[in-house]
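*Asks:* Take a look at the letters that make up each chain.
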Amino acid sequence: MNDNDIERVLQSAGAREKPPREIGREIRGRLRTEWLAVVASRRSSRRRQTFFALAAGVLAAAIGVWFAAPRPGGAADPVATMTFAAGEVRVSSGWYTAWRDIVPGQPLAVGQSLKTGPSGRVALALPGGVSARLDHDAILDITGTEELTLERGALYVDAGFATSPASRLDVITPSGSVRHVGTQYEVRLMGTGVRLRVREGRVEWRARTGGIEQSETGEQLMIAGDGTVERQPMPLYGEAWDWAAATAPGIEIEGLPLTTFLTWVGRELGREIAYATPATAADAAGIVVHGSIAGLTPVQALDAVLATTSVRAVIADDRIVVGSEEPVLQPAD
Amino acid sequence: MASRRVDQALADDKQLIRRLLAGDERAFEAFFNAYFARVYRFALPRLNGDTEAAQEVVLSALTKAMRSLSDFRGDSALFTWICQICRNEVVDHIRTRRRSRHVVLIDDQPELRQAIESIEAPDEYDLVKNYGRSETGRLVRVVLDRLPNAYGDALEWKYIEGESVEVIGERLGIGTTAAQSLLARARVAFREALEKVFGAEAADIASSLEA
Chain A
1 MNDNDIERVL QSAGAREKPP REIGREIRGR LRTEWLAVVA SRRSSRRRQT FFALAAGVLA
61 AAIGVWFAAP RPGGAADPVA TMTFAAGEVR VSSGWYTAWR DIVPGQPLAV GQSLKTGPSG
121 RVALALPGGV SARLDHDAIL DITGTEELTL ERGALYVDAG FATSPASRLD VITPSGSVRH
181 VGTQYEVRLM GTGVRLRVRE GRVEWRARTG GIEQSETGEQ LMIAGDGTVE RQPMPLYGEA
241 WDWAAATAPG IEIEGLPLTT FLTWVGRELG REIAYATPAT AADAAGIVVH GSIAGLTPVQ
301 ALDAVLATTS VRAVIADDRI VVGSEEPVLQ PAD
Chain B
1001 MASRRVDQAL ADDKQLIRRL LAGDERAFEA FFNAYFARVY RFALPRLNGD TEAAQEVVLS
1061 ALTKAMRSLS DFRGDSALFT WICQICRNEV VDHIRTRRRS RHVVLIDDQP ELRQAIESIE
1121 APDEYDLVKN YGRSETGRLV RVVLDRLPNA YGDALEWKYI EGESVEVIGE RLGIGTTAAQ
1181 SLLARARVAF REALEKVFGA EAADIASSLE A
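Taken in order, these protein sequences are the chains called A and B. Take 1 as the starting number for the first sequence in the working numbering and just add one per residue. Take 1001 as the starting number for the second sequence in the working numbering and just add one per residue.
Think about it this way: if two alpha-carbon atoms lie no more than 27 Å apart in a straight line, the pair counts; the simulated DSS-like pairs of lysine-lysine are:
(1) B:1196 x A:18
(2) B:1064 x B:1014
(3) B:1196 x B:1014
(4) A:18 x B:1064
Think of the hints as simulated: they come from the structure by calculation, not from any bench.
Just chain A, with the same shape it has in the complex (with noise of 0.2 Å):
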C-alpha cells in the first residue's frame, strides 16, 4: 500500500475552508470569558458545597456562619460603573443573557461584556479612580477584577487624574496584553495586530509569544500580527483623541480651584496648560468653581468654566494659552 492514492484525494478534495480570522478572533474571546465564568461558578460552588459538608457535623456553628457566607446565585461585585455612554450600547451577562440596554450608572461585575455600535460610547470608572472608554464598533469583556479584555474596536485607559493610587489594570488582546504605570493609552485591534499609543506615563506590551516592549509618551507601537513591533512618534493632540475626550467622565469641579479643573481639561485634550504671565496663573490659583460640568465635553466645560471668570483661554497646537480677559475700552461720549 502506498500512500500516492492518499495524496490524490487530500489533493483533489482540496484544503479544508479556514473561519475568518475575524470570526475566530471574537468567538475566542467571547467564549474565553465563559470559559472564566463556568470556571468561576464551579469554584464558587465547590466552595458552597464544602461549606455545607461541614455544617452538616457542626450544626449550631455552621447555622451562624451559614448567615454570614455568600448566598447561592448572588451576583458578582461589581468592579466597574458606566459613567457615560452615548449611541448603542449593550450589556450582557453571559451567553444565556441576551445583550441589553445598559443603564445609566450600572454597576458592571466580573463576566459582564459591553458592546457598542457603530455610534455607540460608554466610559466605566474603575477601582482607584481609573477611567476606561469604549470606542464605537467594540466588544470589551469584564474577565477580571483587575483585567478587560478587548475583543473588538479600541479602548482608552487614563489612570493619572485619580486622587488615589491608580489600580493595576490589565488589558488583554487576542495577541498580547497590555499594563499601565499611571499612563493615558489607547489601544485599537488593527486586523490581526494591534495598534497601542501612549498619551502620557509608560505602557508595557506583553506579547502572547512572551516578548516584552514598553513605550512612553508620544510613541505609538504598530504590532503586527506575526508580533514584529514597529514604533513611531505621534502627537498627543488632535482628531485622533477626539473620541476620548469626547467620553470624558467629567470630575465635580464644586469647589476646585480653577487651575485644577484647567488642568483635568488639559489632559483630556493633550495639551499643556500655558499661563500668559505668572500674575495669571496667581489669578488663576485663587478662583474658585462652583456648579457642574455633567454632560459637557471638555471643550465645553472649559468655555463654560471660563464664561463666569476673567480668565480667557486660547487653544493653540500643543498647549492651551490662559490669559486674563482684556478690557474692553468704552468708546467716549
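With chain A fixed as given, assemble chain B onto it according to the hints.
*Replies:* Below, chain B alone, put in the same frame as chain A:
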C-alpha cells in the same frame, strides 16, 4: 509559522474537559484550536454560506457546550457531541431569524450521518454511494474534520501544503519521529474513514475525484 504543542493529556476528551473545568489556560487553548474551525465548517454549509449566521450559531454552540461540559458522558466523541449542539442551534437560528435558508446536506441523511459519526466509534457499516465530484470533495473534507484534530491538520500540511515531516513536527510542537508516527496513524485512520463513508478504497475515490 504558528506552532501548536500536542499535549497527549489534552488529546483525550475527558481529560481535556477535566482540565478545562479546573481553569487550565492551556486546556482552553487546546479546546478552541481543536474545535472552533471544525464546528465553523460544520455550521457554514448548513446556513447556506451565511458567515454572519455561522458566527452567531458557532458562538452559541460552543458556549452552550462549554456550559454543559460537566454533563458530557463520553458516549460519543466530544466533536460529535458539539456538532449535535450546533445542529440544534442551526435549527433554532433558522426558526427564529428566518433569514438564512436551512440547507440539508447529504451528510445529514441518516445513513451517511451514521457513517461519519462512526468514524470515532467504529461500527458495522457498508455504504456504497456515488456522489458528484464537488460533493465527494466536500465529504472528504468532512472526513478530515472528523479525525482527531492533529491527524486532519498533519495530513493537510503533508499532502496539500507539501510540508516536510520536520516542519509538521515543529507546527505540532513534537519531534520528527513523533510526527512520522502520527502521520502514519493519520493515514491509516483516514483510509479507514474514507472506506466507511464512501464504501470504496482511497484509490477509487481519487479516481472519481480526478475524473
